[in-house]
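K.L.:
Residue-level listing of the chains:
2 protein chains.
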Amino acid sequence: MIGIFDSGLGGLTAVKEIRRLLPYEDLVYFGDTGRVPYGTRSKETIIKYAAQDVRFLAEFSPKAVLVACGTVSSTAMEEIRDLFDFPLIGVVEGAAEAAAKQTVNGKIGVIGTSATIKSGAYTKKLKEISSQFVITERACPLFVPLVENGFVGVDDSITRLACEHYLADLRAAGCDTLILGCTHYPLIAKTIAKTLPDVKLISSGAESARKLQEKLSTLGKLADNSNSSCSSNCYGKISYYVSDDIESFSQSASLYLGADMDGKVHRVDIEKY
Amino acid sequence: MIGIFDSGLGGLTAVKEIRRLLPYEDLVYFGDTGRVPYGTRSKETIIKYAAQDVRFLAEFSPKAVLVACGTVSSTAMEEIRDLFDFPLIGVVEGAAEAAAKQTVNGKIGVIGTSATIKSGAYTKKLKEISSQFVITERACPLFVPLVENGFVGVDDSITRLACEHYLADLRAAGCDTLILGCTHYPLIAKTIAKTLPDVKLISSGAESARKLQEKLSTLGKLADNSNSSCSSNCYGKISYYVSDDIESFSQSASLYLGADMDGKVHRVDIEKY
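Sequence lines, in order, name chains Z and E. Per our numbering, numbering through the first sequence is continuous, rising by one, with the last residue being 288. Per our numbering, numbering through the second sequence is continuous, rising by one, with the last residue being 288.
Hints in this document: simulated from the structure, not taken from any laboratory. Treat the hints with care, since some could be wrong.
One copy or two, it doesn't matter: identical chains are merged, so the pair holds either way.
What the hints assert, rightly or not - Derived DSSO-like pairs (lysine-lysine); straight-line CA-CA distance at most 27 Å:
(1) Lys279 x Lys205
(2) Lys63 x Lys287
(3) Lys287 x Lys58
(4) Lys116 x Lys63
(5) Lys58 x Lys236
(6) Lys139 x Lys287
(7) Lys209 x Lys116
(8) Lys58 x Lys139
(9) Lys63 x Lys226
(10) Lys279 x Lys58
(11) Lys226 x Lys236
(12) Lys287 x Lys226
(13) Lys209 x Lys78
(14) Lys209 x Lys230
(15) Lys230 x Lys142
(16) Lys142 x Lys236
(17) Lys122 x Lys252
(18) Lys63 x Lys230
Construct the entire structure; sequences and hints are all you get.
P.N.:
Here it is as structure tokens:
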């Protein structure tokens, strides 16, 4: 199986893409809904929480874990990678590669949580690809609460105003490509696109699914349906675990998955890990 | 000493008032900055976190603990009160009493986190005072992130729009008094007042300090400065504990306290309690 985790529900935007790319894989998703958000916390706390999250997923003996959280991917990857013997894939690398491919004028914008932008992880990765890129980063700490509280309508006036507030710098910088460095942001992508017309948006969650596929392919560990008793349309199993109550997760999950949620939801006391 | 806790920094608005009313008391403040916010979590999780918070403060043998968190005060008071042998004072009662005294037309509004409004605790308490009151409650889940991310200028356009979004119902209901049922909200009181002119605003944190004073007076446990070697202007000692890093707390605390922070800040691993 493949483990996936996020501070909350945003990582489900990566699950959506994994199921499209890797339909035969069994998946276990953990959302730390009892401690969300991570993006406003200190590096030390983010590392502690992320290590607990992966220790929980390790119980399922995953062949890989996708860190579907922009904050953990940019802040704590080195620290948690050392603790485990299975591959950990974050969202930074895939999104940076996709942005590097898409940009024409070499001007790339990055938006994320405060912790993600403070880390400078996207700039570092993009500069490794080409030192010529001109990169503008901007923390957008209101975007996660806006998404989580349902202000996701394309013409929502508060979200429009928040986009204007945060994204004006990126427009002024002339970016032609923008990395959505937090897995919550695809839910307000249309409002972001209205604020930055003609800018190519890169979903870090979706791109990380592609990196996961590459990694498993390299390792020769991709699941296929040859052992399955079901038809070629048969999906692998999926289970969800959360650290707060099950009901509110179930109510919101379909919004992120873009489809009805299948699979069962369980509660876990993550502080024990 | 007196213990005070909140999910984060909002409870400092109560500390400010306690120091004015009870200058000779020693205070220990705990802010659960590693798990803030509480107001969007389930009742079960709020009870669990609040019990840990009070268990930590119990180590200091407090004569009373002020629950300076609107969410815990409205959602978990009965459950946590049973666990401890010192008095626990929440913010609901004092604010409800103050609103009952202030209102002329009997139409009272209440704003708070999702959990606070879901609890109906303010309506219950106000109805106990008078069944004639007409009460309008409204959850304002964006207010805490707006305050925590610094959108506190009186003419901040995003906060103005959020106020209009949340408070239009209260204006339509003709409320002449509004309870700020979350200890973060005094920081945007001026913007709220612009949206609801001529409405009397009640700060639940400040009113709870008055209830605390009443309680200690009844118990004959008020500190005075008779044993103190310092002048009559001498304050009791204050210590701060937080569950995330110390630096970000120190940077923001003066905003809530309305003065420079005195006293030391320490970090505590609250999950162990």
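K.L.:
Hint by hint, note whether the structure agrees.
P.N.:
Status of the hints after comparison with the structure:
1. When the C-alpha separation of Lys279 and Lys205 is checked against a cutoff of 27 Å, the pair qualifies neither within a copy, at 30 Å, nor between copies, at 46 Å.
2. When the C-alpha separation of Lys63 and Lys287 is checked against a cutoff of 27 Å, the pair qualifies both within a copy, at 12 Å, and between copies, at 13 Å.
3. Proximity of Lys287 and Lys58 under a CA criterion of 27 Å is satisfied in both settings, with 20 Å inside one chain copy and 20 Å between copies.
4. In this homomeric assembly, Lys116 and Lys63 never come within 27 Å of each other (Cα to Cα): the closest approach is 34 Å inside a single copy and 48 Å across copies.
5. Taking the shortest alpha-carbon separations for Lys58 and Lys236, neither the intra-copy value of 33 Å nor the inter-copy value of 42 Å comes in at or below 27 Å.
6. Neither within a single protomer nor between protomers do Lys139 and Lys287 lie at most 27 Å apart by alpha-carbon distance, with minima of 34 Å and 37 Å respectively.
7. With identical chains, the CA atoms of Lys209 and Lys116 are at most 27 Å apart within one copy only, with a shortest distance of 23 Å there and 49 Å across copies.
8. Taking identical chains as interchangeable, the C-alpha atoms of Lys58 and Lys139 lie at most 27 Å apart only when both belong to the same chain, with a minimum of 18 Å there against 42 Å between chains.
9. Proximity of Lys63 and Lys226 under a CA criterion of 27 Å is satisfied intra-copy only: 25 Å inside one chain copy versus 38 Å between copies.
10. Taking the shortest alpha-carbon separations for Lys279 and Lys58, only the inter-copy value of 22 Å comes in at or below 27 Å, while the best intra-copy value is 32 Å.
11. In the homo-oligomer, the alpha carbons of Lys226 and Lys236 lie at most 27 Å apart inside one protomer (14 Å), although the nearest pairing across protomers, at 64 Å, exceeds that limit.
12. For the identical chains of this complex, Lys287 and Lys226 are neighbours neither inside a copy (31 Å) nor across copies (37 Å), given an alpha-carbon limit of 27 Å.
13. In this homomeric assembly, Lys209 and Lys78 never come within 27 Å of each other (Cα to Cα): the closest approach is 40 Å inside a single copy and 56 Å across copies.
14. For a Cα distance limit of 27 Å, the shortest separation of Lys209 from Lys230 qualifies neither inside one copy, at 35 Å, nor across copies, at 56 Å.
15. With identical chains, the CA atoms of Lys230 and Lys142 are at most 27 Å apart within one copy only, with a shortest distance of 22 Å there and 62 Å across copies.
16. Proximity of Lys142 to Lys236 under the C-alpha cut-off of 27 Å is found in neither arrangement, the shortest distances being 31 Å within a copy and 64 Å between copies.
17. Taking the shortest Cα distances, Lys122 and Lys252 never come within 27 Å of each other, neither inside one copy (41 Å) nor across copies (54 Å).
18. Taking identical chains as interchangeable, the C-alpha atoms of Lys63 and Lys230 lie at most 27 Å apart only when both belong to the same chain, with a minimum of 26 Å there against 40 Å between chains.
Hint check: violations occur at hints 1, 4, 5, 6, 12, 13, 14, 16 and 17; the rest are consistent with the structure.
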